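K.L.:
Listed below are the residues making up each chain.
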Amino acid sequence: MALRLLWASRVASHLRISVAQRGFASAVLKDLKYADSHEWVKIEGTKATFGITDHAQDHLGDVVYVELPDVGLTVSQGKSFGAVESVKATSDINSPVSGTVVEVNKELTESPGLVNSSPYDQGWIVKVELSDAGEAEKLMDSDNYSKFCEEEDAKH
Amino acid sequence: MRGGSLWQLGQSITRRLAQTDKKVVSRRYFASEADLKKTALYDFHVAHGGKMVPFAGWSMPIQYKDSIIDSTVNCRQNGSLFDVAHMCGLSLKGKDCVPFLETLVVADVAGLAPGTGSLTVFTNEKGGAIDDSVITKVTDDHIYLVVNAGCRDKDLAHIEEHMKAFKSKGGDVSWHIHDERSLLALQGPLAAPVLQHLTKEDLSKLYFGQFQILDINGSTCFLTRTGYTGEDGFEISVPSEHAVDLAKAILEKSEGKIRLTGLGARDSLRLEAGLCLYGNDMEQHISPVEAGLTWAIGKRRRAEGGFLGADVILQQLKDGPTIRRVGFFSSGPPARSHSEVHDESGNKIGEITSGGFSPNLKKNIAMGYVKSGQHKTGTKVKILVRGKPYEGNITKMPFVATKYYKPT
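Quick mapping for you: the protein sequence lines, in order, are chains H and A. Per UniProt numbering, the first sequence starts with residue 1, numbered consecutively. Per UniProt numbering, the second sequence starts with residue 1, numbered consecutively.
Just so you know, the hints here were simulated from the structure itself, not pulled from any lab data. As the structure is a computational prediction, the values presented were derived from the model and not from experiment. Hints are supplied without guarantee of correctness; some may be wrong.
Straight-line Cα separation of at most 20 Å, EDC-like style, residue types lysine to aspartate or glutamate; simulated pairs [what the hints assert, rightly or not]: (1) A:Lys363 / H:Glu107; (2) A:Lys154 / A:Asp202; (3) A:Lys388 / H:Asp92; (4) A:Lys363 / H:Glu67; (5) A:Lys388 / H:Asp70.
Start from the sequences and build out the full structure, keeping to the hints where you can.
P.N.:
Pasting the structure below:
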């Protein structure tokens, strides 16, 4: 999530003070892949599940609405297809992979807060049938993503 | 996720910056960071985990460690302490200060009992709103008022210009801008019980809209029983050198139940209370009649006029305004400022001016303007969010019942 480019990029600069004081890093899971726009993806054969990362939900604040795509929609790696809204901002969600949407997390309609409380588990957003399994190579692994987040936060 | 449309406390800011502009954004940002004003509580906020953001030229806390939703709910369950020292407090003095102010606002200032005040609107020649303000007649020759931080320069220039003209005709009025004081807002069910621990005056005798100068926690404060949340509460003007001590004392006496609360929750609370945010729900081209603030136009003023734009406003009172401010519930994503409102057939009938998710009602709420005739409660509408229509309906405000402390 390109928060650095949003109004919140100014927040983040101030957040740097409070982040340092809070002194904790967002959770990053080992077996997932990550996009630089802060989506995570779990690839199982030709299927992938994705959502937004702990880092993303932490910066967004309370999620109040998730705009889910329709099943059957074609998504492309790096292109936006939906949105996540918090009390203070709306952010587009980019698909970290290309494929066809086969399932969306309907729980998020009633309980959008799952994105905050369980971003990698109950807060999953979309399941797709991959059209190009090789694309996953372009994504970051957990170590690189952790570093990426640290660098991003440090710049603000 | 990439930057979509943003708003911050009702200011609709849409940023679509390409990655390459990042350096430019940073440089621009750092230049302005140095210029941001800080209140007396700045370090206190940071020490308490405040996330500081630029707001109207000040560095203010948007939230603390708790989420905006939790903070909003806590205000109504327990209480909140807000730093609103960015707002501008001033005193008008002199034997003609009342007739002077009446040339600029719609309130019946002469009719206010000493020690009472009201929400009012500063109008322009076209009958539109320059700002909204809480004014208090302290005595016949002293009026205390608070104006919005974002309108400070505009309001002070406006008042000064008219004051010069008034004085040149022999009027006796002068002003003092209270930059030596800091305004704190204490709101919620615990506000009065906690504040009572810090003063000898009997707060049960201070009703909504009333004002007193009294000793609180060892310093002389201006106390108004008012607020921007719909809850019972106070705005406390304290000498700035005592602001931190007062904030600490309030938080300690509440045993942690009253929390420092930021501008994010403040915006959710005022929206739930159906209160206008100047710059969103009220602007230069919107009259108090259109904004549903006819009650704030004094009865005598409706007959006599005598304020800027009176001819336009009095005509609107006769004919009815062409647009009206109403509340909305809606499904789907929260409606936001500038979202279009359509009737069920798809014709545009209005526009949203503020909206969001209500933490206390757990549903979307919004306010905006619709054509008169389409404004009745219950009217079904469609609200366009990001190009898609969602079902909504017009409703009365406040969304959450107010709890102002009034005599029974």
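K.L.:
Is the Cα-Cα distance between Lys154 (chain A) and Asp202 (chain A) 20 Å or less?
P.N.:
38 Å, violated
K.L.:
Does Asp70 (chain H) sit within 20 Å of Lys388 (chain A), going by the straight-line distance between their CA atoms?
P.N.:
OK: Lys388 (chain A) and Asp70 (chain H) at ~14 Å, within 20 Å.
K.L.:
Would the pair Lys363 (chain A) and Glu67 (chain H) pass a check requiring their Cα atoms to be no farther apart than 20 Å?
P.N.:
Since the Cα atoms of Lys363 (chain A) and Glu67 (chain H) sit roughly 16 Å apart, the hinted pair holds (cutoff 20 Å).
K.L.:
Would you mind confirming whether the straight-line C-alpha gap from Lys363 (chain A) to Glu107 (chain H) stays at or under 20 Å?
P.N.:
16 Å, holds
K.L.:
For a C-alpha distance cap of 20 Å, please report whether Lys388 (chain A) and Asp92 (chain H) respect it.
P.N.:
15 Å, holds
Violated hint: 2 only; the structure is consistent with all others.
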